[in-house]
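Undergrad: The residues making up each chain are set out below.
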Amino acid sequence: MKHYDAVVIGGGSAGLSAAVTLKKQGIENIIVLEKDGETGGILQQCIHNGFGLQTFKEQLSGPAYAERFIDQAAEAGVEVLTDTMVTHIGADKTIEYVNSTEGYAKIQADAIILAVGCYERSRGAVEIPGERPTGIYTAGQAQRYLNIDGYLVGKKVFILGSGDIGLIMARRMTLEGAKVYGVAELMPYSNGLPRNIKQCLEDFGIPLYLSHTVTHIYGHDRLERIEVSAVDEKRKPVPGTEMYFDVDTLLLSVGLIPENHLADEIGVVMNPRTRGPVVDENYMTSVEGIFACGNGLHVHDLVDFVTMEAARAAEGAARWLKNGSSAGRVIRTEAGSNVSYIVPGLLHTDAMPGNVEFFFRVTRPLDAGEIIVRSGEKVLRTLKKKKLMPSEMERVLLTKQQLTGLEDNLTIEVKETE
Amino acid sequence: MYDLVIIGAGITGTMLARKLSAFKLKAVLIDRENDIANEATMANSAIVHTGYDPEEGTLKGLLNVRGARQYEQICRDLHCGYKLTGAYVAACGEEEEKVQDELAERAEKRGIAYEWLSGDEARTHEPNLSKHVTRVLSFPETAVVYPWEVAIACAEVAVNNGTELRLNETVCAIDRTDSGWCVKTDKGEYETKIVINAAGVAADKIYGMVGDHPSFTMTPKKGEYFVIDNDVHYTDHIIYPVPTAKGKGVLAVPTVYGNTLLGPNSERVEDPDERGCTFAGLDYVRENLVKIMRNPPFNKTIRNFAGLRPSSSCSDFIIEEAPDAENFINVASIESPGLASAPAVADYVIEELLKDKLTWDKNPDARMDREAPVVMAKLSEEEKKAKIAENPLYGKIICRCEQISEGEIVDCIRRTCGARSVKGVKKRVRPGMGRCQGGFCEPRVLNILARELNCSPLDVVLDSPASRILEKENR
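Chains A and B, in that order, are what the protein sequence lines are. Using this note's numbering, the first residue of the first sequence is number 37, and each one after it goes up by one. Using this note's numbering, the first residue of the second sequence is number 696, and each one after it goes up by one.
Since the hints were derived computationally from the structure, they do not count as laboratory data. Take the hints with a grain of salt, since some may be wrong.
If you only want the chain A side, here are some residues facing chain B, beta carbon under 7 Å, derived [to be verified]:
| no. | residue |
| --- | --- |
| 1 | A110 |
| 2 | G139 |
| 3 | Y140 |
| 4 | V162 |
| 5 | P165 |
| 6 | E167 |
| 7 | V189 |
| 8 | P401 |
| 9 | L402 |
| 10 | D403 |
| 11 | A404 |
| 12 | E406 |
| 13 | K451 |
These numbers were taken from a predicted model, which means no experiment stands behind them. Positions of the beta carbon are idealized from the N, C-alpha and C atoms, including for glycine.
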């Protein structure tokens, strides 16, 4: 069986960053397994600008952003297998994959980095009554048809969900000559980035219907009409508020779900909130030597953070390969009031490798809030912030010194302030 | 001149077509849909009931038991999925236990295996069974299939044996001729000795084309379901409540490929084109399932669907020569347990109704089985390697969720009765059945279809000819 020091599963933004970082850390014998025909992942179909402000201090398109990492990986001599689907991983860190050239193969890794990405929540998962005609697509699907295959999916469009891909597609389809009638969002606030609301909806006069959802689909062959209703505080449709739109296309942008089938099979402990693995400060999962990062760990708002997080996971893997497991006390991180989740979820406070930046999201929009990080009763850090949105990932850094020796679980809460 | 025109390519029509194709008969199978098994056969509970439920003295009772016993062999011959799950009929309290007693009595009389379990015993096997369940009547021989897979395979066998298949053809008129009937569709005319009306929810409309006073009307009943992700292991057995006058109730069904079906409700619909899900219907399923089950995994739903049961004004199957139309045979009202009964329905039609009307020379070239499709997931590592070496497309995974290769997709398009639509591919080899519901693979399947059918991607359809997926080229 072929052996690698580290195997990266997934060659998207997370996987490429992890691979490049592994090489930088002196882990030479590595391979990236990518299921698609090329690396770069979903970035390849995101031809709009806005990637890389954090990483490169400039605005790049998705493919251009991907290109930089593809080049870096090539320069570093990272071995990549494309069109290669991993079918199984073992807790013993064997990996089985299939492709057209080798058929079925099994390799042995010392460390595995899961950089598997996420998938779009489908119509089935959101329960829209009515018929099942053609003309209903996830936003990412329509994006692929348009930007990779070169086909527009329809002319009269409505969008359910104000996720970023939906907003981007509202603009993109408008520019391609389609008429976008509106975006309905179940929640009383948008799930997309404020800049996308501005640039993709407001600038084109596309209405955003907050606290609304699609309540019926009409059309036997092709979508003909949708019913949109307002919802109450319990998110139940309010009778009498129905609006009808005669559209041939409904795009769904109703959430992304980390793809964790491989990790599930070997019993990696998951966080039910993120639907990704629980990881420690080294980004190691509950299975020794298996690491996770990117949208397969938790769904990010910006690719720059994916890149950054994947680099940290690779550093964690490199450390583990050199030094073995962290010993000593383990504490958990706990989401306090107004916080939906925190990554990482576990900390080895006797063996902190360095500072830790915690990623978290708020559960609801807050005009102003105070971020409070505590360990038991002890307040470690407070931070005032304006405009906290569930659509934006929040970050808070704690130093190695602050974290070392902590005994009580670490809580992050956000207190609403005036 | 045809011997037979069969109207309706659902499980009833295809099962009959396959059995008839063993003989030298000229037959044509006509369906208005763009694929085989596109209506009731596509949207039901997928269960091969053993036959303890229908009342004594009914065709349902007679044919269900006989049909169910043929399924395992048929699925083996056709290389179709068949999973012997067993079924639990769960009673909560004495009243419901009395109904169980009646079922057990019928099972005893019909030679159907059953056993009794206390609520607690049953819960050790099925921990998600509600604590309110007091007693379980277990039927170890109940199985599940993919109904459309069986129907497609039957059609394939029939067509390979010489039966003609006409999809996308709507029957507009049926006229009496000297020698039988002339079936007129929107695309052509078929002179035939015999017409078989297996038109499902449209059976009364078809019958109305020949009979002055049709003896039945279709009263379709809608059933709505949840499909649960196959990473949830919810039950091993099919779990039913005790049946009521309304039907078999809301069930939990483990499917052949590891998903769970939760449903259905049963709601009479006036318009047979009204086949979508409703909030009320799905709420009904949610509320009723918890009477016998706990921890319902509705949050892991990957799809909802609704199907129309071809129920009629008659409570039993209607399988007879129309009293006012010689050589016009109704095979109608084949609602539950229609799937389980289908092989015996075909036998009954042949033995009881067609025997004296046709000449029954064996077709010496007929093969009743079909060539096994390549299913990569079922092969050993060595076999997989060999297959991929032979055809690299078997190594190119298109559907991530269900891990289906391009080779398998190409095969299902190229074989007899092959897929002509994205849904057709999904029905045959399952890309799009998984948790992403085609989010990733649909564009790839579309391109494979365009290549294999030698058409533009713009002409690839989801299902019906009018259901094109792409609007226009953008560059």
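Undergrad: Hint by hint, say whether it matches the structure.
TA: Hint check:
{"no.": "1", "hint": "A110", "verdict": "24 Å, violated"}
{"no.": "2", "hint": "G139", "verdict": "4 Å, holds"}
{"no.": "3", "hint": "Y140", "verdict": "5 Å, holds"}
{"no.": "4", "hint": "V162", "verdict": "9 Å, violated"}
{"no.": "5", "hint": "P165", "verdict": "5 Å, holds"}
{"no.": "6", "hint": "E167", "verdict": "4 Å, holds"}
{"no.": "7", "hint": "V189", "verdict": "6 Å, holds"}
{"no.": "8", "hint": "P401", "verdict": "24 Å, violated"}
{"no.": "9", "hint": "L402", "verdict": "27 Å, violated"}
{"no.": "10", "hint": "D403", "verdict": "31 Å, violated"}
{"no.": "11", "hint": "A404", "verdict": "33 Å, violated"}
{"no.": "12", "hint": "E406", "verdict": "33 Å, violated"}
{"no.": "13", "hint": "K451", "verdict": "30 Å, violated"}
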